[in-house]
Amino acid sequence: MEFKDIQNTWQQQSEQHNIPDFTPTQQKLKKIRKGQRITQLILSITGIVLISFFFYISAYKFSGTLLGMSLLISVIVIRVWIEIRSQQKLRKMNVLLSLEDFKTQLISYYEQRKKLAFTTIPVLLLVYNIGVGIMMYYFYQYLSRGFFYYITISYVVSFVILFYFIRKQVLNELKTLKNLQES
Amino acid sequence: MKTQFNNIYQNHYDKVYRLCLGYVNGDEALAKDLAQDTFVKVWEHLDQFKQKSSIGTWIYRITVNTCLLFIRKNKKGSYSLPEIRDDDTNVAETEKAHQTRLQQMYACIQKLKETERIVILLVLEGLAQKEIADITGHSHQNVRVMVHRIKEKLTKCVTHGI
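Quick mapping for you: the protein sequence lines, in order, are chains Z and P. The numbering of the first sequence is the working numbering, which starts it at 1 and goes up by one. The numbering of the second sequence is the working numbering, which starts it at 1 and goes up by one.
Possibly wrong hints are sitting among the right ones.
[Stated by the list, open to error] Some, not all, of what chain Z presents toward chain P, calculated at C-beta under 10 Å: (1) Ile6; (2) Ile19; (3) Pro20; (4) Gln26; (5) Glu83; (6) Val95; (7) Ser98; (8) Asp101; (9) Phe102; (10) Leu106; (11) Ser108; (12) Glu111; (13) Gln112; (14) Lys114; (15) Leu116.
[Said to hold, decoys possible] List of simulated lysine-lysine pairs, BS3-like, C-alpha gap at most 30 Å: (16) P:Lys2 / Z:Lys28; (17) Z:Lys168 / P:Lys50; (18) Z:Lys30 / P:Lys15; (19) Z:Lys92 / P:Lys50; (20) Z:Lys4 / P:Lys50; (21) P:Lys15 / Z:Lys89; (22) P:Lys2 / Z:Lys4; (23) Z:Lys114 / P:Lys2; (24) Z:Lys28 / P:Lys96; (25) Z:Lys115 / Z:Lys28; (26) Z:Lys4 / P:Lys130; (27) P:Lys156 / Z:Lys28; (28) P:Lys111 / Z:Lys178; (29) Z:Lys34 / P:Lys130; (30) P:Lys130 / Z:Lys30; (31) Z:Lys34 / P:Lys111.
[Claimed, not checked] Ranges between beta-carbon positions, derived for each pair: (32) Z:Tyr155 / P:His98: 57 to 63 Å; (33) P:Gln10 / Z:Val160: 26 to 32 Å; (34) P:Lys111 / Z:Leu171: 21 to 27 Å; (35) Z:Ser70 / P:His45: 54 to 60 Å; (36) P:Glu93 / Z:Met1: 49 to 55 Å; (37) P:His45 / Z:Ser52: 52 to 58 Å; (38) P:Gly161 / Z:Tyr155: 33 to 39 Å; (39) Z:Ile45 / P:Asp14: 42 to 48 Å; (40) Z:Ile107 / P:Gln141: 20 to 26 Å.
No lab work stands behind these hints, which were simulated from the structure alone. The model shown is predicted, which means the values in this text are computed figures rather than measured ones. Note that beta-carbon positions come from the ideal geometry of N, C-alpha and C, so glycine has one too.
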């Protein structure tokens with residue numbers, strides 16, 4: 001078989017006779033953009049309120065529980081912020097570049113994600129566990145044994161599940177990076 | 001602007017859809033999503049079209065980049081054979097052979113590396129090597145060598161299944 005035959009077969013594929021209407025997509029996109037702006041506004045306000053509240057409380061009273069909670073909340077806020085920034089970066093990628101330049105841009109994005117996965121994320125997990133450790137100390141002192149064990153077991157289970165999903169996502173991104181570098 | 005976009009959408013939808021279809025192994029639903037994503041980007045960037053190349057080349061650039069961006073989803077599409085009516089045996093047989101070959105082609109295209117897959121889809125669409133060079137950012141000479149190599153690979157795979 002010649003390549004010309006393959007090309008003919010390819011071009012003989014039936015064309016899409018019903019081109020989908022683009023108007024619903026345009027309207028949906030406008031709604032999504034509006035939703036994104038509202039979400040950003042809500043997140044910013046929540047962040048400001050949380051930080052203000054933190055300073056307000058810590059100015060009058062410093063305690064181990066506050067430190068533990070601060071570590072936990074900070075890790076979650078930083079993690080969410082990293083993900084939001086990554087998504088924004090991906091959305092803002094310049095699709096008008098040539099394929100090679102676009103690929104370079106995409107590789108650089110996944111290399112940054114790899115760096116995050118092997119440096120920032122482990123540090124965040126460590127800090128999170130320190131926060132949990134501090135909280136556990138107080139839980140052990142002030143809560144009933146049964147409730148303390150319930151919290152401990154729940155934490156271990158949720159951490160294992162969380163770790164599984166983080167690992168899965170990282171492996172997925174490493175595979176994507178490898179595919180891009182090899183192509 | 002809206003009329004200009006509508007014209008572009010009507011005139012270029014088929015080729016964008018077909019390229020996306022090839023990229024996602026003939027999965028129609030995924031290809032439709034990718035084609036819609038492509039036109040969302042065309043719509044957003046239409047004011048940046050500088051007419052340095054033809055609008056077709058410009059749209060292909062956005063299409064191939066959108067396809068490459070899809071890599072992150074790690075989804076594997078699958079080509080499904082369309083239904084063939086049995087009322088005319090000869091036509092049915094010819095059509096069946098055509099569909100089987102198409103299925104084999106989709107499978108072989110999937111075996112190629114990401115960039116190779118995109119380049120061969122552009123070749124299959126009948127684009128000139130100069131235009132492919134413009135879309136991919138490779139030199140004309142590089143594209144010539146690359147196209148020759150991928151063509152051989154694909155022909156071998158479709159003919160012998162390797």
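Straight-line Cα separation of Lys34 (chain Z) and Lys111 (chain P) no greater than 30 Å?
violated (41 Å)
Given the hint of 42 to 48 Å, is the C-beta distance from Ile45 (chain Z) to Asp14 (chain P) inside that range or not?
holds (46 Å)
For the pair supplied as a hint, Lys2 (chain P) and Lys4 (chain Z), confirm whether the alpha-carbon distance does not exceed 30 Å.
violated (39 Å)
Given a hint of 26 to 32 Å, does the C-beta separation of Gln10 (chain P) and Val160 (chain Z) actually sit inside it?
About 53 Å separates the Cβ atoms of Gln10 (chain P) and Val160 (chain Z), which means 26 to 32 Å is violated.
Do the alpha carbons of Lys4 (chain Z) and Lys50 (chain P) lie within 30 Å of each other, as the hint requires?
With a Cα-Cα distance of about 34 Å, the restraint between Lys4 (chain Z) and Lys50 (chain P) is violated, given a limit of 30 Å.
Hint check: 10 Å Cβ-Cβ cutoff, Asp101 (chain Z) to chain P
holds (6 Å)
Has the given pair, Lys156 (chain P) with Lys28 (chain Z), been kept, meaning a C-alpha gap of at most 30 Å?
At roughly 44 Å apart (the allowed maximum being 30 Å), Lys28 (chain Z) and Lys156 (chain P) break the hint.
Would you say the C-beta atoms of Glu93 (chain P) and Met1 (chain Z) sit inside 49 to 55 Å of each other?
Violated, at about 18 Å.
Look at the Cβ atoms of Lys111 (chain P) and Leu171 (chain Z) and judge whether their distance stays inside 21 to 27 Å.
holds (22 Å)
Hint check: 10 Å Cβ-Cβ cutoff, Val95 (chain Z) to chain P
Check passed: Cβ of Val95 (chain Z) comes within 4 Å of chain P, closer than 10 Å.
Is Lys130 (chain P) within 30 Å of Lys30 (chain Z), Cα to Cα?
Measuring from Cα to Cα gives roughly 37 Å; hence the hint is violated.
Would the hint linking Lys15 (chain P) and Lys89 (chain Z) be met if the CA-CA limit is 30 Å?
holds (28 Å)
This entry does not satisfy hints 5, 11, 12, 13, 14, 15, 17, 20, 22, 23, 24, 25, 27, 29, 30, 31, 33, 35, 36, 37, 38, going by the numbered hints stated previously.
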